[in-house]
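Colleague: Spelled out from the first residue to the last, the chains are:
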Amino acid sequence: MALQEREEGLVTPGDVLGKAAEVRAGKGAYEHSGLVYASITGRSLTVSPSAESPDQRPTLEVMGLKAHGAVPEPGSIVIARVTKVMSRMASLDIMCVGFKSVSEKFTGTIRQQDVRATEIDKVDMHLSFRPGDTVRAIVLSLGDARAYYLSTAKNELGVISATSSAGQTKNELSPDLLYFSHLLVKSFILIEHHLDEHFSFESQETQLILFYYCFR
Amino acid sequence: MTGKGSATPATYSPSPTSRKGKPPAYKDGDLNWARPDGRGFQQCRPAYFRTGAVNAASGSAYVEIGNTKVIVSVFGPRESKKAMKYSDIGRLNCNVSYTSFSTPVRGQQLDHKEYSSMLHKALEGAIILESFPKTTVDVFALVLESGGSDLPIVISCASLALADAGIMMYDLVASVSVYSLGVNLVIDPISEEESYQDGSLLISYMPSRKEVTQLTVTGEWSTDKINEAMNICLDACGKLGEIMRMCLKEAASVSSEVNLGRPGGRLKGLQGA
Amino acid sequence: MGLPNESGDLLSKMDSDASRRLFPLRFYESHLSISTRPDGRPLKSAREAFVGPGDVASADGSAMTKIGSTTMLAAIKMEIMTPSADKPDEGSIAVEFYMPPICSPLVRPGRPAEIAPVISKQLYDTIMSSGMIDLKELSLISGKAAWMVYLDIYCLDADGALFDAALYSAAAAFSFLQIPVVSLSEEGRLTIIPEEGNGNKSDKDVVNKGKRKLTISSLPFSLTCGLHKNYILPDPTSEEETLMETFVTVVLNSSGHLVSLYKPGGPVLAQTSTIQDCIALTRQRMTDLQKSLDEAITEMKVD
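Residue numbers (the UniProt record's numbering), protein chains in the order written: chain A, 1 to 216; chain B, 1 to 273; chain C, 1 to 303.
Bound-form chain A, shown alone (with noise of 0.2 Å):
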């Protein structure tokens, strides 16, 4: 925890901000041969360490005026677009890490065991994603040398917009009955081995859709 906050001055990258000794790099800065230099321009900033920390250096920071562009990393969430459907796996273009968006896109995969927590092997990639698609799902690995390796195996992760059959408009939900909707998707997939055939839906917007008139 942040005690104390500091302010001091504009540095950039190279400029020595202390000892190793005395102080530790935080972000935005790198220690080497027992001194803490600044990696990124922009304010330098002294955090106290807590009471209860083992360490008892205070850590020198650097608050980047303009960081680089959003990257994924392990356990960010992203929202990605379904580019591609295959039986096994789907491909996304990844457009925005937490609520920033990317300027250019990152190629995702959902593989078919990260779709959902339970009965993994059930799962029917086609049902669960269509292109175009807008889905909410957490980084889990760099994944290989092609694509992020996503998963939607959580509550709140999953399809959060879809487009129509027809290809035409979008209909996206207010949050809260996104996140219920969710949740009755995930069931909706469940039950739907279990449903007769009459009652299979063309796709998973129309369910959405239904559920949204239902629970108005």
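Because the hints were derived from the structure by calculation, they are not lab data. Careful: at least some of the hints might be erroneous.
[As the list claims (entries may be wrong)] In silico DSSO-like cross-links for lysine-lysine, where the CA-CA straight-line distance does not exceed 27 Å:
(1) B:81 x A:105
(2) A:19 x B:210
(3) B:121 x B:210
(4) C:44 x C:229
Following the hints, put chains B and C in place on chain A, whose structure we already have.
Modeller: Just chains B and C, lined up with the frame of chain A:
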């Protein structure tokens, strides 16, 4: 040539190919020669740096030193090309090109492969590649006008553009070259001086870390002379680094004042006041 | 249908940066509905334009223009050519438009931008058909030698309306052009007389004495408008260009006559009234562009 239906007729430049009318500034064995622009042998040209010249890029810088004018844009970190293998650390990709009017003879060497690779080598060691795993940072340089010492100016400009883009670096990289002309050592040579040189030495240096990222020596040098040249170069790199830091700090204080990310967007022309 | 409101909710709760990226069209239209463009401009406004000398020492004339953040550097180099047999008293002009990788994240080295050659051709056609340059003025020795004018335009920062900014830089570069003074050498080649050596040469050797400037009869100025639904949106940014599919580019010369009109396809059918509106907007724009250019020319003469 675009816009011409038929093939463009053969043309030639009316500028004199050799400097016939003008005696060369330097002749072999001449001890009392003067530099064409009147500078001292170990005096650099004044340097003008500005960050944020290109809004479309993640970061950019414009440098004007004498007649040499360079723009560098940095893009990314962005997705690496599909053909690339997976990498735990980030990649640096560099390209240097010239405008068709950058040299006295039109349209020579638009894409400079050798400089692209030397720029890469000079910068690689200064960038914390671990800070952007698997992605690529592209550094593209365009030499608007070539007036001598092009490569070191491109390197310094690129380092400034990287800092502007917020890419994590161990230090800035300042680069300066020294040429040997007879008994003299000439710093920051202009194009004309470059054509007379017996040997060249280029240093790319991290001034705060006091580490050399790149050292290129060509031609014939005695050990003493090399030592002298290196000291001159390192001293000049240190001074250049200070100018670069001042430029970054100025841009940062402007942007924090008006709370806008890009000071460059509001300035007219590239060489604003 | 309660949907639009609900989605508005989502948009408002999301960072505007993210919604701009995710639902660009909706983001854009919500701006248009309150009569502003995303960059804060009123609907019918073009961005601020700047023009100045390019200061390219290795060129005979150069200019830099900016429209918003779109930046162009144009430079003219004059070379000598042998005129063609059917036009012995005419020189020639070549125009090339470049989009180097520095100007946009979409251009990569070795993968040139597709629109660059299209703009090159459009610029050449416009310059030739505007009649701004009399090719006969480029003649040096009838049938033997004439000027070949190489106009190279580099886009340094691409943020929409590339043709407008490029044409403006071309017009400025021609206005700033200083024709070099050449003399005939013994080998029959024409060479530049160095400025300081002017006094040594006898006047008869000089081929083009007193002809340092081209007579530019009438400069062309252009304005590109994006058509989106019922909106006419002049001077689109690159973001706007990706959202709109129909564009109309009007080129007028300084006396206000129509030089050319491009409407390269697009789903929005432009009615006569729309075209007339575009022309009227170009006329307004032209006044500003010409004024700035005149000021730049005067400033240059003072220096």
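Colleague: Confirm or reject each hint.
Modeller: Evaluation of the provided hints:
no.: 1; hint: B:81 x A:105; verdict: holds (12 Å)
no.: 2; hint: A:19 x B:210; verdict: holds (17 Å)
no.: 3; hint: B:121 x B:210; verdict: holds (17 Å)
no.: 4; hint: C:44 x C:229; verdict: holds (15 Å)
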